[in-house]
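**Q** These are the residues of each chain, in order.
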Amino acid sequence: MSRVSKVDILARVEGHGTVELVSDGKRVVDARFLIHESPRFFEALLTGRRFDEVADIACRICSICSTVHKIAALQAVEQAMGIYISRQTALLRELALYGGVIESHALHIFCLALPDYLDVKSINELSEREPQKMKTGLKIKKLGNFIQESVGGRAIHPFNLLLGGVGTPPTPEVLKEISDQIRIMRSEISETIVYALKLEEILPPLSPLEQCAVIGSYQFSAGKLMTSTGRVISADYGVEWFNEHIEPYSNAKISRFDGSTPLFVGPLARILLSMPPLYSENFVDRSIRSSLKARAVELELSLEKAEVLIRQLIEAGLKSEQPAVSRSCTTEGVSLIEAPRGTLLHRYRFDTNGICRAADIITPTAINQSAIAASLKELIVLMDGADYDQIKKTAEILIRCYDPCISCAVH
Amino acid sequence: MKKLRLAITGMTACSGCQLSLLNCENELPDLLEKFDFSFFPLASSPLDLIGEYDASIVEGCVSMPHEKKLLLELRNRSRYLIAVGTCAVFGGVAALKNDEEREVLRKQVYGSSSIVESTFRPLPLNNLVQVDASITGCPPEKMELLRLLGGLLAGALPVDSDYPVCTECRIRENICLLTERGELCLGMLVSGGCHARCPSMAVPCEGCRGPLPEANLREALRIYAEKGFDRETVFARLRRFCPEWRL
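In order, the protein sequences belong to chains A and B.
Be aware that the first sequence starts at 56, since it is given in this note's numbering, and climbs by one per residue.
Be aware that the second sequence starts at -2, since it is given in this note's numbering, and climbs by one per residue.
In short, the hints are calculated from the structure, not lab data.
Every residue, glycine too, gets a C-beta built ideally from N, C-alpha and C.
Please note that the accuracy of each hint is not assured.
In silico DSS-like pairs for lysine-lysine, Cα to Cα no more than 30 Å straight-line [unchecked claim]: (1) K448/A x K432/A; (2) K432/A x K447/A; (3) K65/B x K447/A; (4) K61/A x K81/A; (5) K176/A x K(-1)/B; (6) K61/A x K231/A; (7) K31/B x K231/A; (8) K31/B x K61/A; (9) K190/A x K0/B; (10) K447/A x K66/B; (11) K194/A x K65/B; (12) K360/A x K66/B; (13) K(-1)/B x K104/B; (14) K194/A x K66/B.
Sample of chain A residues at the chain B side, in silico, Cβ under 7 Å [claimed, not checked]: (15) E69; (16) T73; (17) S93; (18) S329; (19) N337; (20) F338; (21) D340; (22) R341; (23) R344; (24) G409; (25) R412; (26) S462.
Chain B residues, not near chain A, derived (Cβ > 12 Å throughout) [unchecked claim]: (27) L29; (28) G57; (29) S109; (30) E138; (31) A212.
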């Protein structure tokens, strides 16, 4: 049992990445987040496919984020094809998105990040240290999946979300069941969220970075981006503004923006940019080290939002509808949306036969790479003199604060 | 009882098969008691491969040299190697354009940059190593994963399904989307085991579980043609998850 072989993968993140430390022989002088996930070339895979296949294929970019990829792709294709969805479909999609946020945040907080805060290595150890917290966490995660399943037919790769509508809407009974579960779990969830909010920070306070998020990001599907540097960017200009570049150390393209300052996206960015002071005041140091707490706040808000949406759906009465069809075609569609991990963009161009001729997908983790690099640089300075293993461990914790989703980043 | 040592990891994929396991929220605490998830980067560190494994559960297809190396290493260390999910079994969505030059696809995404030049055509696991059992699906059903793990505890491996999605669709008394609604549903050619999840919600089967052994493709093409779907359209749809469909 003693044969050991080193596998250099950053643990407890989705996909394959590594932290590389550069040492001058005595001290660590640099740190880099290397992304060596294998690309599937999704943008190339999608070209040549018919418009009605795009979303089914694009959602396979990532499992954790499949609902939001599916909806982003559907919206972009619908825009290009002149397909207008019903209010019921819009509400159902929004509900599915909140289900995705609940699942993704619960997974991150309780399975991926909490081991860092408790200084254990895995969910195995976590289940021994904090069995109750882990059980509640898994229950919340399950609830997020239940919402996604009820609307999308499946928690991963939701097939029931279609171009122009849904296959079969959930029954009022199922929706009530979701609301009931939220109600039953309310105090347990609140306790757990308070617990997360009270966790002692494990990283030094890193200086705040600039942020961006979709305007009114809790509506998810607005067409504009807002930055903390005071800019507003329309979806049509999104690809150009993110300004992706290729670096040899990352298989994921890196957003450079206008080249002046790195921006980050995600729950903390959303809270700082678009939430009332009641929420944003909890994050006075605006530092990425508090991102777990931002996730906890969003988790609770998402559960509330889900209940509101369910009430609206039930009040309106759920109807079986035929998916809407194309009315007028243009050649291009862009969708800008907030995924659990931050801003996501899908852009497609079609020829007159509805065949996809170009695809662009920009994901939160790809966007966050320059902010991650800036945070790592700062951490190295702050930890100057600490030993290699300590720095490596802390750098990994820092990267997990950005909750990277590497399948998404490379795609 | 001694815990079974498992290695669970992904190759070129979306992590969906591994996430399906983490989505077994009710069963997870029990699983942690019965299995030692010794190598499971998605859920735990440390990450060195140490000693032998009772089983390796591998998601995804292989498209990079470091994946090939890891797969061989896992094979050498494991009593059983189990391919989980359509990518691992058939190639999956990543293999969608396996009939085109890899370099052309790479250039389309990365332009003139020399990044990821070592990528090769995505291969299912059994093209490289002996695979002892397979579970298909994009993603696989949770119940199938649990059955796999339960089986391992009893020293058994899962068997491949030998009936199409249509069989399960009939059992659920769904309206046939192909014959009654004229939609391109692939159920008759595709391995069952999903309880006809999609057709049961009036969404045509997109074939995510891959080809049924002994699928009668010729007869199916005749039926599709009667419904107005030409061969090219049907093949394009079939090859979404498995590039190997041929007459």
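**Q** Within a Cα-Cα threshold of 30 Å, do K194/A and K66/B meet the stated pairing?
**A** violated, 37 Å
**Q** At a threshold of 7 Å, is the proposed contact between E69/A and chain B supported by beta-carbon distances?
**A** holds, 5 Å
**Q** Quickly compare the C-alpha distance for K(-1)/B and K104/B to 30 Å and report which way the hint goes.
**A** violated, 50 Å
**Q** Against chain B, is G409/A within 7 Å by beta-carbon distance?
**A** violated, 13 Å
**Q** Holds or violated: K61/A with K81/A, Cα cutoff 30 Å?
**A** holds, 23 Å
**Q** Regarding the pair K190/A and K0/B, is the alpha-carbon distance no greater than 30 Å?
**A** Status holds; Cα separation ~21 Å.
**Q** Would L29/B pass as off the interface with chain A, using Cβ distances and a cut of 12 Å?
**A** About 5 Å separates L29/B from the closest Cβ of chain A, which leaves it inside 12 Å; violated.
**Q** Does A212/B clear chain A by more than 12 Å, comparing its Cβ with all Cβ atoms of that chain?
**A** At about 21 Å from chain A, A212/B clears the 12 Å cut-off, so the statement holds.
**Q** Would you mind confirming whether the straight-line C-alpha gap from K448/A to K432/A stays at or under 30 Å?
**A** holds, 15 Å
**Q** Holds or violated: is the Cβ of S462/A closer than 7 Å to a Cβ in chain B?
**A** holds, 5 Å
**Q** G57/B: least C-beta distance to chain A exceeds 12 Å?
**A** violated, 8 Å
**Q** Taking the closest pair, is the beta carbon of S109/B still more than 12 Å from chain A?
**A** violated, 9 Å
Checked against the numbered hints given earlier, this structure breaks hints 6, 7, 11, 12, 13, 14, 16, 18, 19, 20, 21, 22, 23, 24, 25, 27, 28, 29 and 30; the rest are met.
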